Structure formats: C-alpha cells, structure tokens
Amino acid sequence: MIESIFTYQFMTNAILSMIFLSIVAGIVGTYIVVRRMVFVAGGITHASFGGIGIACYLGMPPLIGALLFAVLTAVGIETLGDKGKVRPDSAIAMLWSLGMAIGVLFMFMTPGYSSNLMGFMFGDVLAVSSADVIASAVAAFTLVIVAVIFRRPILYVAFSPSFASLTRWHVRAISILMSIAVAVSLVMAIKAVGIILVLSLFTIPQSISNLFVKNMGHMMILSSIIALIGSLSGLAVAFVFDLPAGAAITAFLTIAFLIVKLCIRK
Amino acid sequence: MTDDALISLQHVCAGYEGRTIVSDVSIDIRNNDFVAFIGPNGGGKTTIIRVMLGLIKPDSGEVNRINGLKIGYLPQSNDIDLSFPISVIDVIMSGQLDGNRLFPPKNVRQKAEELLEFAQLSELRNRPIGELSGGQRQRVFLCRALMGNPQMLILDEPVTYMDKVSETNLYRLLPQLAKQMAIVLVSHDIGTVAPFVKTIACINRTLHYHATNKISDEILRVYDCPVEIVSHGPVPHRVLGIHKYLPND
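Those sequence lines, one after another, are chains A and B.
The first sequence begins at 1 in my numbering and counts up by one.
The second sequence begins at 1 in my numbering and counts up by one.
Calculated directly from the structure, the hints in this document are not laboratory data.
All figures in this text were calculated on a predicted structure; none of them were measured in a lab.
Certain hints may be false.
Computed spacing ranges between beta-carbons, pair by pair [what the hints assert, rightly or not]:
| hint | chain 1 | residue 1 | chain 2 | residue 2 | range |
| --- | --- | --- | --- | --- | --- |
| 1 | A | 229 | B | 31 | 55 to 61 Å |
| 2 | A | 87 | B | 10 | 45 to 51 Å |
| 3 | A | 150 | B | 67 | 28 to 34 Å |
| 4 | A | 176 | B | 10 | 18 to 24 Å |
| 5 | B | 209 | A | 176 | 27 to 33 Å |
| 6 | B | 103 | A | 75 | 26 to 32 Å |
| 7 | B | 179 | A | 162 | 26 to 32 Å |
| 8 | B | 131 | A | 36 | 17 to 23 Å |
| 9 | B | 57 | A | 36 | 28 to 34 Å |
| 10 | A | 172 | B | 179 | 33 to 39 Å |
| 11 | B | 131 | A | 10 | 31 to 37 Å |
| 12 | B | 67 | A | 162 | 45 to 51 Å |
| 13 | B | 160 | A | 36 | 22 to 28 Å |
A few chain B residues facing chain A, derived, Cβ under 7 Å [said to hold, decoys possible]:
| hint | residue |
| --- | --- |
| 14 | 16 |
| 15 | 18 |
| 16 | 69 |
| 17 | 84 |
| 18 | 87 |
| 19 | 94 |
| 20 | 128 |
Cβ atoms here follow ideal geometry from the backbone N, Cα and C, with glycine treated the same way.
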C-alpha cells in the first residue's frame with residue numbers, strides 16, 4: 001500500500017508539502033495560539049479570498065493576490081489595533097467579510113473560475129505542484145531560522161509587549177514581522193487545506209501540544225510533529241477511502257485532540 | 001536637577017488625550033532614596049510613574065535623567081496572560097535591558113539564578129509562570145525588574161490581590177535592595193508601606209513631598225481617603241483612620 005502511494009507524483013508532492021507545512025504551522029500556529037490571535041488569523045485567511053478573486057479576474061496566479069491581501073490585512077490589523085476608533089474584533093470581522101465579498105464578486109465575474117471556489121474553500125492537497133512544494137520548503141526553512149535567531153524577542157514580545165518595550169526591544173517591528181510571517185504561512189497552506197480548514201492546522205496541534213508542554217519553543221517543535229502525524233494520517237485515510245484530504249486531516253486532528261484531552265483528564 | 005539626582009521632574013503636567021491627570025509635579029529621586037508614592041485611586045500615581053519611565057511625555061514641565069539611567073519596573077500583575085507557556089527563569093531573563101542584542105550575554109542565566117536564590121524561588125525555576133501563587137509570581141516579576149542591574153526600581157502597587165504572608169515575603173526583600181538602588185514604591189495603603197520607606201510623596205492631582213516616613217495629619221488630609229494605619233508600640237496593634245465623610249457625621 002505504502003509503495004503504491006509513492007508511485008504517484010501528486011502523492012509524493014502532497015506528502016512533502018504536508019511535511020513542510022507542518023513545520024510552518026507548528027511555529028506560526030504556536031505564536032497565533034499563545035498570543036490569542038486565532039480570530040485575527042481567521043480574518044487574515046478569509047480576507048485573502050478577496051485577493052484570490054481579483055487575481056483570477058486579472059489572470060494572475062491566485063495565491064499572489066491572496067498573499068497581497070493577507071499581508072495588507074495582517075499589517076493593517078497590527079498597525080490599527082492601538083490607534084483605531086473601531087473595536088479590534090469588529091474591524092477584523094469587517095475585513096473578514098469584505099474580503100470574502102470581494103472574492104465572490106470577482107470570481108462571479110470571471111468566466112470558468114466559479115468551479116474553483118470549492119478548491120480554495122476546502123483546498124486540495126493532491127493538486128499541489130512541485131513549485132508549491134519548493135515554496136513551502138523555503139518558507140519552512142526561513143521560519144526555522146527566524147524562530148531560532150529571534151527566539152528571545154518573539155517570546156518576550158508575545159508574553160508582555162508593554163514590558164518588552166521598556167527593555168528596548170522594537171516591539172512594533174517584531175509584531176509586524178510576525179504578522180507578515182502569519183499571513184504568508186496561512187496563504188502557503190490555503191492550496192493544501194483550504195481557507196475554511198487552514199486554521200485547524202494552525203490551532204489544533206498547538207492545543208494538543210500545550211496539554212503536554214509549557215514552553216513556547218518546545219510547543220513549536222511538538223506542534224510541528226503532531227501536525228505532521230495528523231496530516232499524514234488524514235492524507236492516508238483520504239487516499240484509502242477516496243475522501244477530501246483537507247477535511248480528513250481536520251477531522252483526524254480534532255478527534256486526536258478530544259482523545260488526548262479525555263485521557264489527560266482521567 | 002540637583003547634582004545627585006538620578007531623575008528629576010520639574011513642574012510636570014501630564015495626562016492622557018488632552019485630559020490633565022497631574023499638574024505641577026516636582027520631585028528629585030536620588031541614589032539610595034526609598035520613597036513611597038501614596039494616594040487615592042485615580043490620583044495620578046501611575047501617570048507620574050509612566051512619565052518617569054518615558055512611556056508618556058509630559059504636557060509641560062521638565063524631566064531630566066542621568067545619562068543611561070536604568071530603571072527596573074514591577075507593573076501591576078493583572079495584565080499578564082497566566083496560560084502563556086513561559087517558565088519562571090525565562091520570565092526573569094526577559095528583564096535583561098539589552099533589546100539591541102539578539103543573543104543574551106553569557107552570564108545572563110547565572111544572574112537569573114542568583115536572583116531566584118535571592119527571592120527564594122530557586123526550586124520553581126522551570127515551572128510555568130501560571131502555576132505560581134500570586135505572591136510567588138510578584139517575586140518573579142521583581143527579579144525580572146532587577147535583571148538589568150537598575151539604578152532605580154519602581155514598584156507599582158506590588159501587593160494588590162496578595163495575602164498578608166505573601167505581602168510580607170515581598171516587602172522583606174526591599175530593605176536589602178534599598179542599599180543598592182533608589183526605590184519608588186507605589187501604594188494606596190499608606191499604613192503598610194510607611195515602616196519600610198524613608199520618605200513619602202502624596203499624590204492627589206499634584207505631589208506633596210514629605211522628607212520623612214511619619215504619617216502626619218497633613219498627609220492624611222492630602223490623602224483624603226479612609227486608610228489603615230499601623231501603629232508602632234510594644235504590642236502590635238492596628239487602628240483605622242476615621243473618614244471625615246462618614247454618613248453619620
């Protein structure tokens with residue numbers, strides 16, 4: 001069975017893609033969870049759909065548009081968070097639904113693209129190309145380097161931004177750098193697991209690992225391993241039973257979380 | 001600014017979004033000063049602290065610091081996420097005043113270990129911060145404030161929500177520190193802090209400085225609030241100050 005999986009190029013790409021995305025999700029997802037910015041991440045992901053719609057309409061690669069919208073939304077939320085007169089959660093909700101509305105409108109106006117709607121919503125890890133795999137490998141490698149070099153500032157700024165600013169850390173610069181990392185990482189995962197399911201990869205492994213470790217660095221490593229186990233298991237189930245891979249991965253991770261939570265309680 | 005002052009505020013007015021909280025505040029903090037900032041809630045204690053820390057700019061007046069003044073700061077504890085995955089020793093090391101360097105100096109862990117020992121927290125070094133009691137946590141944050149070898153230490157209401165035992169455990173560390181640095185201790189509980197400090201500054205919209213730690217009638221008049229007074233004598237006892245606005249008066 002395992003040998004037959006590797007005879008297909010699309011399956012090899014899917015497996016390599018999930019390995020690199022698990023590393024990305026382990027690092028960035030931990031930051032998202034400990035900073036309690038899951039709703040922000042949801043806003044960024046859904047707002048990026050506006051970029052996908054416009055890119056499709058203009059005949060550009062969809063993920064370029066998604067990247068642009070995601071980064072602008074992330075930096076916008078981070079920058080306006082302190083200054084804006086609108087409540088932060090309301091502003092996120094507005095950007096969330098505005099992005100989706102723009103995406104749907106432009107998709108509707110683009111002939112032949114409406115059928116791709118489901119693909120962007122729920123992803124298709126089996127459609128990941130070799131170029132996508134290389135992109136996710138570069139992202140994973142870059143994030144590991146950033147997480148190692150900036151370990152202290154990321155930890156200190158995430159724990160207590162107000163105190164970090166007193167110790168001469170460039171809090172705003174570090175927060176914006178991490179917001180960009182969050183946006184890029186979420187967009188990288190859209191093709192594989194889709195807009196609606198992407199958050200599962202960035203929150204469930206982290207929630208499981210947080211049940212075992214109470215150290216941000218350890219949480220990043222363990223989350224990556226759990227994300228990898230969950231996504232490869234989901235992928236295997238999807239392959240065997242001919243199910244959508246993104247949904248199988250999300251279901252597998254959620255069941256794993258519930259089982260671990262129940263076992264720990266006992 | 002006098003020659004031996006670490007920081008000097010002269011006729012400072014400050015507030016938020018155009019609303020003045022304190023006005024005409026003048027005070028010098030010198031090396032080895034141990035001053036209590038006391039006053040009612042909303043009187044402007046934290047505003048003056050924020051001016052000293054450089055977190056807000058005064059609307060008028062002057063703030064002068066000696067070059068490279070290092071200030072250790074123990075904020076009120078209620079802005080911390082207790083579920084955050086960070087160990088006690090990492091919290092303490094985050095106090096290193098070296099934001100311009102990515103990697104810590106070699107002795108940073110040793111310094112953190114020394115502070116853990118000083119605060120009697122060594123056995124908790126690898127515990128997550130959220131698993132500590134309120135009193136232990138505040139001692140960890142005190143260690144964090146001391147990590148950068150500050151010349152001046154600011155403690156903002158350090159014993160809020162703490163029981164008396166934890167309060168004593170924290171306060172008994174302060175006299176030793178006062179020999180090495182200037183300390184500003186912010187509190188709304190004048191009676192508890194008076195025995196520890198050398199001088200008292202009453203803050204209620206402006207600042208009245210008293211070069212003594214004796215609680216006088218003038219202090220109580222400025223304080224303008226019911227306070228718990230600890231009297232010193234052969235037998236420990238407490239009396240409560242009479243509030244002049246009691247309904248039956």
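Structure-based check of each hint:
no. : hint                        : verdict
1   : 229/A <-> 31/B: 55 to 61 Å  : 58 Å, holds
2   : 87/A <-> 10/B: 45 to 51 Å   : 39 Å, violated
3   : 150/A <-> 67/B: 28 to 34 Å  : 29 Å, holds
4   : 176/A <-> 10/B: 18 to 24 Å  : 37 Å, violated
5   : 209/B <-> 176/A: 27 to 33 Å : 42 Å, violated
6   : 103/B <-> 75/A: 26 to 32 Å  : 27 Å, holds
7   : 179/B <-> 162/A: 26 to 32 Å : 29 Å, holds
8   : 131/B <-> 36/A: 17 to 23 Å  : 19 Å, holds
9   : 57/B <-> 36/A: 28 to 34 Å   : 30 Å, holds
10  : 172/A <-> 179/B: 33 to 39 Å : 38 Å, holds
11  : 131/B <-> 10/A: 31 to 37 Å  : 47 Å, violated
12  : 67/B <-> 162/A: 45 to 51 Å  : 25 Å, violated
13  : 160/B <-> 36/A: 22 to 28 Å  : 23 Å, holds
14  : 16                          : 13 Å, violated
15  : 18                          : 16 Å, violated
16  : 69                          : 12 Å, violated
17  : 84                          : 5 Å, holds
18  : 87                          : 6 Å, holds
19  : 94                          : 4 Å, holds
20  : 128                         : 4 Å, holds
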